[in-house]
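Single-letter residue listing:
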Amino acid sequence: MTTAAEFRKPRTPSGRPVWEEKPTLVGQFGKGVVITAVVLSVLVPLWVVVVTSLSSTDTINAAGGYVFLPREFNPSAYVVIFSGGQVTDAVLVSTIVTVIGTAISLTVTVLAAYGLSRAGTLLHRPILFYFLLTFLIYPGMIPSYLVVTGLGLKDNLLALVVPAAVSAFNLVVLRAFFMGIPQELFDSARIDGAGEVRILLRIVLPLSKAVTAVVGLFYAVGYWNTFFNAVLYLDRNDLQPVQRVLQQFILAGQSPSNAGTGVVLPGIGYSAPPNLAIKMAVVVVTLVPALIVYPFVQRHFTKGVIVGAVKG
Amino acid sequence: MSSSPIVEGAVKPAAPATSATTTLTFGARLRRDWPLILMCVPAMLLLAVFHYLPALGTIIAFQDYNPFAGDTPLDAFLSSEWIGFGNFQYLFETPAFWESVRNTLAITAFQLVFYFPIPILLAILLNSIMSPRLRSFVQSVVYLPHFFSWVLVISLFQMMLGGAGLIAQTARDHGMTAPDFMTNPDTFYFLITSQAIWKDAGWGMIVFLAALAAIDPSLYEASAADGAGRMRRFWHITLPGLRPVIVLLLILRLGDALNVGFEQFFLQREAVGRDAAEVLDTYVYFQGIGVQQWGVGAAAGLVKALVGLLLILGANKVAHKLGEQGIYAKS
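So the sequence lines, in the order shown, correspond to chains H and A.
Heads up: the first sequence begins at 1 in full-length UniProt numbering, then just goes up one per residue.
Heads up: the second sequence begins at 1 in full-length UniProt numbering, then just goes up one per residue.
Treat the hints as calculated values from the structure; they're not laboratory data.
Owing to the predicted nature of the structure, the values given are computational and were not obtained by experimental measurement.
Positions of the beta carbon are idealized from the N, C-alpha and C atoms, including for glycine.
Hints are not guaranteed to be accurate.
Unchecked claim - If you anchor each label on the Cβ, the simulated ranges turn out as follows:
#1 H:E21 <-> A:F92: 58 to 68 angstroms
#2 H:L207 <-> A:V318: 36 to 46 angstroms
#3 H:I137 <-> A:N66: 52 to 62 angstroms
Isolated chain H, as found in the complex (with noise of 0.2 angstroms):
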């Protein structure tokens, strides 16, 4: 983030301005500590949960709970989660419901922002006009549930789906991009004889690579995310995403029905896993998939995010 500008400046071996004062130490020994405590903040939760569901129950027993330092590495309470049951299940509804619903969102989408991409088109001004308003005005929650279940949608994994389609935002995210992708590329294309569809994944989708991944890693994360709308329209056991399983084991307090009974777990060494290490195991499973989208967004949102933010 620093300017070509700021590269010309004069600075200290520190990378400070020279003209900047130098920090005194207080100030830099206070920064350090709010830094140190907001990073913990986040990261030690995370490792707790992780190592503990890597523990066996001597360990678990041993710290009283959760465990903080890791003694050994114990995968049990993973082969027991996705050895059949309500968390496997729940993991395979997920993964389905994140795969197909980013790829309607993605592909519907893409299409709508390149259909206004280009100023002056007939209809252009009322189309956008279209997609902005659902920024001021709320479906109530009440006429949605009366319109999903009234299309026949309770208990189908398409009501997960198709409701949160759509996201504006997402929509002006990927136009604004679109718009900046030089029109003499249009012309030419046009010239040598292509139409809009060759246009858009001849041309534009190459270029625009990296924000179209992000606007769908944005997708992603939303429908594993998806919670609420599973309350609303899924009574079935086994069609429960991962979020809900969560719920129902961490907040309601309820026991995975597939675990630690005293079953024997044929084929491993391992003796079954306590409650509690299931537990965690679960929670690691719900948090997975977002650190390992994590790295490839991260490094393109910002821009996405603030051409959106600032500009819609």
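Given chain H, put chain A in place with the hints provided.
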């Protein structure tokens, strides 16, 4: 919505091109642009069905809606009885409704004071880190919780602060008892605000960081040369540089005043009790879907949407009066 305010660096068509487009007939433009229009159709349909149709469906707020009055929801809607403002009257006479309004507004006010400044302070702090590597590390870490669901955030809080959580466990090991922060209605506002800060303050910082980066460093240099100290530079350069963004986000926050977030309260309503944790959204849910008073739930939702719309338009007007840009430029 003059020449699309969304677009940064959009290529303005040259003047001759514009006049050429305007001289085209409707038919010619349709022949040229129909593929683009067609591309917008799927998204428009989805929004029509799942956004605008429910928004229209809010009309049942004026009905004694009975889902069993017909075979389909449309049938039921057509044959349900119109009762005018009956649902609203019921709402305004119900103490539970006012309780939820009170909680919602109190929580918004509380968060405005204790949450709103945090991303700004965080951005200023981070901006002062010189080492690019440390800076991007801290940035990555504080953005992270934004991608967690509310269920996960509350679960993590429960595991750290709850009655059986890490802090309580550590306290027990040392022969003390720690209070259970997760079920105490008296400290509920602090709890939810700290959850919101933990989840989103880092993310909220992004816009402020961008605004800080956009401040011309030569301003700092010049004022330092003129003898302005650290505090003066902060007061006269940094803060004015942040002002437009702060105003913009304040307006958006005001427009969202009644939207304190559903899942966070839904998930904790049981643990801390309805008195503290019932907000408008949870009220709508439990009235409408819980006890099946559809009309009343829809009416509460409508009140909420209208007041929110008024708040955001009003705040924007005030911003324009103060000479700020607000959310949309004055047209």
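Outcome of the hint check:
1. H:E21 <-> A:F92: 58 to 68 angstroms: The hinted range 58 to 68 angstroms holds for E21 of chain H and F92 of chain A, with Cβ atoms some 60 angstroms apart.
2. H:L207 <-> A:V318: 36 to 46 angstroms: Check passed, 41 angstroms falls within 36 to 46 angstroms.
3. H:I137 <-> A:N66: 52 to 62 angstroms: Once the Cβ atoms are compared, 26 angstroms apart, the range 52 to 62 angstroms for N66 of chain A and I137 of chain H is violated.
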